[in-house]
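J.: Produce the entire structure from the sequences given, and follow the hints as far as they go.
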Amino acid sequence: MTHPLLAHPLGHDTGSINTEPGGHTMQNVETNTHANTQAAAIAPHLLTQAQFIATAQAVPLINHGRKWDVRMGNYNSFSDADTAQAALIDAHHGAVNNALFLNEADAPEIPNKPSVPSAEVLASYPDLIEQYADVIAYSQAERSIALPAVNKAEFDAVLAALRLLGASMMGGLVRPGDGDIGEILTDSGAHEGLTAEDVDALCERIQFES
1 MTHPLLAHPL
11 GHDTGSINTE
21 PGGHTMQNVE
31 TNTHANTQAA
41 AIAPHLLTQA
51 QFIATAQAVP
61 LINHGRKWDV
71 RMGNYNSFSD
81 ADTAQAALID
91 AHHGAVNNAL
101 FLNEADAPEI
111 PNKPSVPSAE
121 VLASYPDLIE
131 QYADVIAYSQ
141 AERSIALPAV
151 NKAEFDAVLA
161 ALRLLGASMM
171 GGLVRPGDGD
181 IGEILTDSGA
191 HEGLTAEDVD
201 ALCERIQFES
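Per full-length UniProt numbering, the sequence shown starts with residue 1, numbered consecutively.
Simulated from the structure, these hints should not be mistaken for lab results.
The beta carbon of each residue, even a glycine, is placed where N, CA and C say it ideally should be.
Label-pair restraints from in silico Cβ distances:
no.: 1; residue 1: Q85; residue 2: I206; range: 26 to 34 Å
no.: 2; residue 1: G171; residue 2: I145; range: 25 to 33 Å
no.: 3; residue 1: I206; residue 2: P108; range: 28 to 36 Å
T.: The structure is reproduced here in structure tokens:
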């Protein structure tokens, strides 16, 4: 059943698409993301609003149907916001919205599904926290496993292995549930496993939060 398209929460039309039951929408902001290329920067939905504003740029468009082209690495989106600052916020809101949308139970299956944004990222968007409360609650409820203490050499080996895993998944050499490594990734089907993007985000957490 087709549902009416929802207006963008900031009051700008971002061309919402793929409305799903429950009134949630995936906003058409990621118009030129190269899925098979290593991103030049961390994915937008993994950055806080402040980090995204400091990293991305809003380029005004002339003789174009949209006002701004927001760019960051291999990511870009369009916005009709009144100012460059508002366009950056608009684009980041859309990226965070899409990451949450694609983690809903009935969301379409896609390769390299994005991870759920962190609480720090979501803090800028109370509307999304309310709209995707079920997705966020499920993410936060996932079981935590205590890891053993390791020395520096062991830590670096784990990080290198994760980097290699992420690159192999990005290149299609490793897939969750497919082959020996894929079975390890999903604990033999006990869960869906991480995407290549999830592995990249995990590397960033391990490297910079340890």
